[in-house]
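Construct all of the structure, not just a fragment, from the sequences and the given hints.
End of the sequence shown sits at 431 in the numbering used here; the numbers just go up one at a time, nothing left out.
Any given hint might turn out to be false.
[Stated by the list, open to error] Within a straight-line C-alpha distance of at most 25 Å, the following computed DSS-like cross-link-like pairs (lysine-lysine) qualify:
(1) K24 <-> K98
(2) K165 <-> K155
(3) K407 <-> K374
Just so you know, the hints here were simulated from the structure itself, not pulled from any lab data.
Owing to the predicted nature of the structure, the values given are computational and were not obtained by experimental measurement.
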Amino acid sequence: MLNKVINKLVSNKEKNEENKSNKKNYLILGASAAGINAAKTLRDLDLDSNITIISKDEKVYSRCMLHHVISNHRTVEEINFVEDNFMENNNIYWIKNKSIKSIDTKKKKVVIEGQEIGYDKLLIATGASSFIPPIKNIKEGNYIYTLRNIDDVYKIKEKAKISKKAAIIGAGLIGIDALTGLMEYESLELSLIYPSNYILDRQLDEYSAKVYESKFIEKGVSLYSGQSVNEIILDEENNVSGVQLGNGTVVECDLLIVSTGVTPNIDFIRETGIENNRGIVINDKCESTVNDVYAAGDVVGKNAIWPLAVKQGIVAAYNMVGIERNIDDNFTLKNSMNFMGIPTVSLGIVNSEGDDYDIITRYDNGSYKKFIYKDNIIYGLISQGDISYIGVLTQLIKNKVEIPDLKSRIFDVGYSDFFAMKENGEFEYSI
1 MLNKVINKLV SNKEKNEENK SNKKNYLILG ASAAGINAAK TLRDLDLDSN
51 ITIISKDEKV YSRCMLHHVI SNHRTVEEIN FVEDNFMENN NIYWIKNKSI
101 KSIDTKKKKV VIEGQEIGYD KLLIATGASS FIPPIKNIKE GNYIYTLRNI
151 DDVYKIKEKA KISKKAAIIG AGLIGIDALT GLMEYESLEL SLIYPSNYIL
201 DRQLDEYSAK VYESKFIEKG VSLYSGQSVN EIILDEENNV SGVQLGNGTV
251 VECDLLIVST GVTPNIDFIR ETGIENNRGI VINDKCESTV NDVYAAGDVV
301 GKNAIWPLAV KQGIVAAYNM VGIERNIDDN FTLKNSMNFM GIPTVSLGIV
351 NSEGDDYDII TRYDNGSYKK FIYKDNIIYG LISQGDISYI GVLTQLIKNK
401 VEIPDLKSRI FDVGYSDFFA MKENGEFEYS I
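Listed below in structure tokens is the structure:
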């Protein structure tokens, strides 16, 4: 009997030692879409191993919704995309307010301020920072901001309260977000400066963009399209006082927001052997070119939209624990927006060049649809006002599904076309 007890104790000790030896140290750099979803997935797959997140932020929040904080429609807590006590509930150790200094991929250590942290598997999900163009005085002036994190928002809000004239350089999604956020400050005169012929030229065509432009003009916004910027005008105290355009016009402002693109946060990967090409190079498993180092989100430099960043984080987590998964969907050409109460979705190719594609449009009761297609396959869509059936259309475009007699029925494609009844009475999706 005594021998059985001893043998059981020895067996349990061996199991504990084995479990202890199997524990891994997962380290995630960044606490946004990719990093947070990777952490959650890691904990779901591995209940015992150590998970550590390092981030510059001290809160989790959606960068896509920062403009709602500018407009005072939401607080930073209300744009949090995880549940309360997420880190504690998932037993995740979170190191806040720290920047990454360097990575030693041979010793498997990440260096932050005054500390080295080891890892077995590393995920780099540090996102991107705003790109500052080489314009005279743009870095020297006061009250010149970007819109990338919550600290930017607080600075913009504080100045907007006392500002008289604000200008925004850039009319991509971030620039338009900044504009709509500032429009809630009724006493603020707003100007939007951009080099393209119309706003959101990567997401929309001229017609759908002009719909938004007309609404902005109605609200008193001054638009300066097709304009380059010569320099930023500063006063005697180095405060911004205007923007000189390429044609010599000076747009007055005492608050300036620069939204001219982003650049991946990868300065710390120098001398690591991690390959980068406008972002960290990854394969379909989200592996970098260095063993046990993964990357996901904006840091890979592929203009990752939120859903793709989430998916990359999840795929990376699976492979970090040794379960093979691949990114089977790199469809990034999807944009949804809702400015001035007008919803719009663009999918795939929205501005075709040459005569390779056929284009068909419809204007109906304030809504606008534009299809780009060829050989019974839809390659692109803009839907403004009425955005019904977008789920089906996304699948059709992403998977290049051939639809017989497409031209005659393209505006009537809906769910009913792609559901079928099984013998047992269940519906199945036939795409």
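The hints, checked one at a time:
1. For the hint pairing K24 with K98, the CA-to-CA distance comes to about 23 Å; that is within 25 Å, so the pair holds.
2. The suggested pairing of K165 with K155 holds, with an alpha-carbon distance near 16 Å, which does not exceed 25 Å.
3. Taken as a hint, the K407 and K374 pair is honoured in the structure, with Cα atoms around 9 Å apart against an allowance of 25 Å.
Violation of the numbered hints given earlier is absent; every hint is satisfied by the structure.
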